[in-house]
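Chemist: Sequence:
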Amino acid sequence: MASLNLSHIIRGNSTIAEFPLTRPARPSLSLPCARVGFRVFGQALASSEPDLSVEVNGLHLPNPFVIGSGPPGTNYTVMKRAFDEGWGAVIAKTVSLDAAKVINVTPRYARLRVDGNGSAKGQIIGWENIELISDRPFETMLKEFKQLKEEYPDRILIASIMEEYNKVAWEELIDRVEQTGIDAIEVNFSCPHGMPERQMGAAVGQDCGLLEEVCGWINAKASVPVWAKMTPNITDITEPARVALRSGCEGIAAINTIMSVMGINLKTLRPEPCVEGYSTPGGYSCKAVHPIALGKVMSIAKMMKAEFNDGDYSLSGIGGVEKGADAAEFILLGANTVQVCTGVMMHGYPLVKKLCEELKDFMRSHSFSTIDDFRGVSLQYFTTHTDLVQRQQEAIRQRKAVKKGLQSDKDWTGDGFVSETESMVSN
Numbered sequence: 004m005a006s007l008n009l010s011h012i013i014r015g016n017s018t019i020a021e022f023p024l025t026r027p028a029r030p031s032l033s034l035p036c037a038r039v040g041f042r043v044f045g046q047a048l049a050s051s052e053p054d055l056s057v058e059v060n061g062l063h064l065p066n067p068f069v070i071g072s073g074p075p076g077t078n079y080t081v082m083k084r085a086f087d088e089g090w091g092a093v094i095a096k097t098v099s100l101d102a103a104k105v106i107n108v109t110p111r112y113a114r115l116r117v118d119g120n121g122s123a124k125g126q127i128i129g130w131e132n133i134e135l136i137s138d139r140p141f142e143t144m145l146k147e148f149k150q151l152k153e154e155y156p157d158r159i160l161i162a163s164i165m166e167e168y169n170k171v172a173w174e175e176l177i178d179r180v181e182q183t184g185i186d187a188i189e190v191n192f193s194c195p196h197g198m199p200e201r202q203m204g205a206a207v208g209q210d211c212g213l214l215e216e217v218c219g220w221i222n223a224k225a226s227v228p229v230w231a232k233m234t235p236n237i238t239d240i241t242e243p244a245r246v247a248l249r250s251g252c253e254g255i256a257a258i259n260t261i262m263s264v265m266g267i268n269l270k271t272l273r274p275e276p277c278v279e280g281y282s283t284p285g286g287y288s289c290k291a292v293h294p295i296a297l298g299k300v301m302s303i304a305k306m307m308k309a310e311f312n313d314g315d316y317s318l319s320g321i322g323g324v325e326k327g328a329d330a331a332e333f334i335l336l337g338a339n340t341v342q343v344c345t346g347v348m349m350h351g352y353p354l355v356k357k358l359c360e361e362l363k364d365f366m367r368s369h370s371f372s373t374i375d376d377f378r379g380v381s382l383q384y385f386t387t388h389t390d391l392v393q394r395q396q397e398a399i400r401q402r403k404a405v406k407k408g409l410q411s412d413k414d415w416t417g418d419g420f421v422s423e424t425e426s427m428v429s430n
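Heads up, the final residue of the sequence shown is numbered 430 in our numbering, and it's a clean run with no missing numbers.
Wrong hints could be hidden among the right ones.
[As the list claims (entries may be wrong)] Pairs of lysine-lysine, BS3-like flavour, derived with a Cα cap of 27 Å: (1) Lys152 <-> Lys357; (2) Lys270 <-> Lys124; (3) Lys83 <-> Lys152; (4) Lys83 <-> Lys357; (5) Lys413 <-> Lys403; (6) Lys356 <-> Lys308; (7) Lys149 <-> Lys224; (8) Lys83 <-> Lys124; (9) Lys83 <-> Lys356; (10) Lys270 <-> Lys326; (11) Lys149 <-> Lys104; (12) Lys326 <-> Lys124; (13) Lys83 <-> Lys146; (14) Lys356 <-> Lys152; (15) Lys104 <-> Lys224; (16) Lys326 <-> Lys83; (17) Lys152 <-> Lys124; (18) Lys326 <-> Lys356; (19) Lys224 <-> Lys146.
In case anyone wonders, no lab produced these hints; they're calculated from the structure.
Sequences and hints are given; from them, build the entire structure.
Modeler: Shown next as structure tokens:
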């Protein structure tokens, strides 16, 4: 990816000008990607207040908190609410060319609480959904994307897209969403349920050969930054992430939901969520997946740092974010942005204000001025188990090597004479 220069963007918070720049021709896939965002911003005034703004693939976000693709970005009304509340960016619910094939059921959610089976009380720690991609007409979603960009030209709107294994369909989908003025594309290679027979979602993300081919189609066509959203339902998540980056994607988003069965109602003996007495495996999210998401993001970030120039590529962390501390953990592991979906469904769009304040509190406690000051700082503390054993054995050797008591006659003192004597007695 070409490095960003002043003809593309000037860092800062206050907008002084905005105009379209001529987009460069797409390079061949053998070369680094050159898609960037097209905004110009004025230099921010110096401030002692922590700065939450981030630059991601040439795009400016006022804070790293992004609405994750799903119900919170399902139509114009809710996406407008997200921008009004102050979210850094919005990723719309996933669209495809033919929404007529998408039929959702209800109920389609089930919750896991800390109390026992079927309890209506207790803290919610898990959330399962069997929801499909957007069931709204594609033309309607395009119209709303365009309207949002006209009303919020300085805010970041990202289209989430998914299509069948068909090059022409992918090309048409990309062309039409880009015409609305969206700022970037997130490709859903990761939905764990619904339509795998059409080679959509995780069916692509779990097959690196298929993923490489589809990413090639996408990146040959797209002229805005492309993020590949990864499935955790795979042995080694770094393998598809590596393929996506090598195939031209500018960013990785991880993780999507984890394949799950939420539970069985022990009174009815039916699975949840229960639709006419039946269910199907779905995607697991919320607080309980946070440690798993951290592990996956850490693995991807280490791979990106070792094999790619991670300054040119981006990583968006997803999974169980409800507090500023949750976001801080993702950023410490190398994420540039943090996505929230289930958290919004549980706490509402004003959650972003709490997240921003809590993240600022964390930054103040460590004297961090910007997100970049601590992004990836904790990656250095991960190593292999073999190395942990060696480190501990060396520490033990060093502790044993420290001699008890005084090392020389010159070290005796009058005030501590008795205790110094005791320090050298063996029994």
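Chemist: Tell me, in ascending order, the numbers of any earlier hints that this structure violates.
Modeler: 6, 8, 10 and 17
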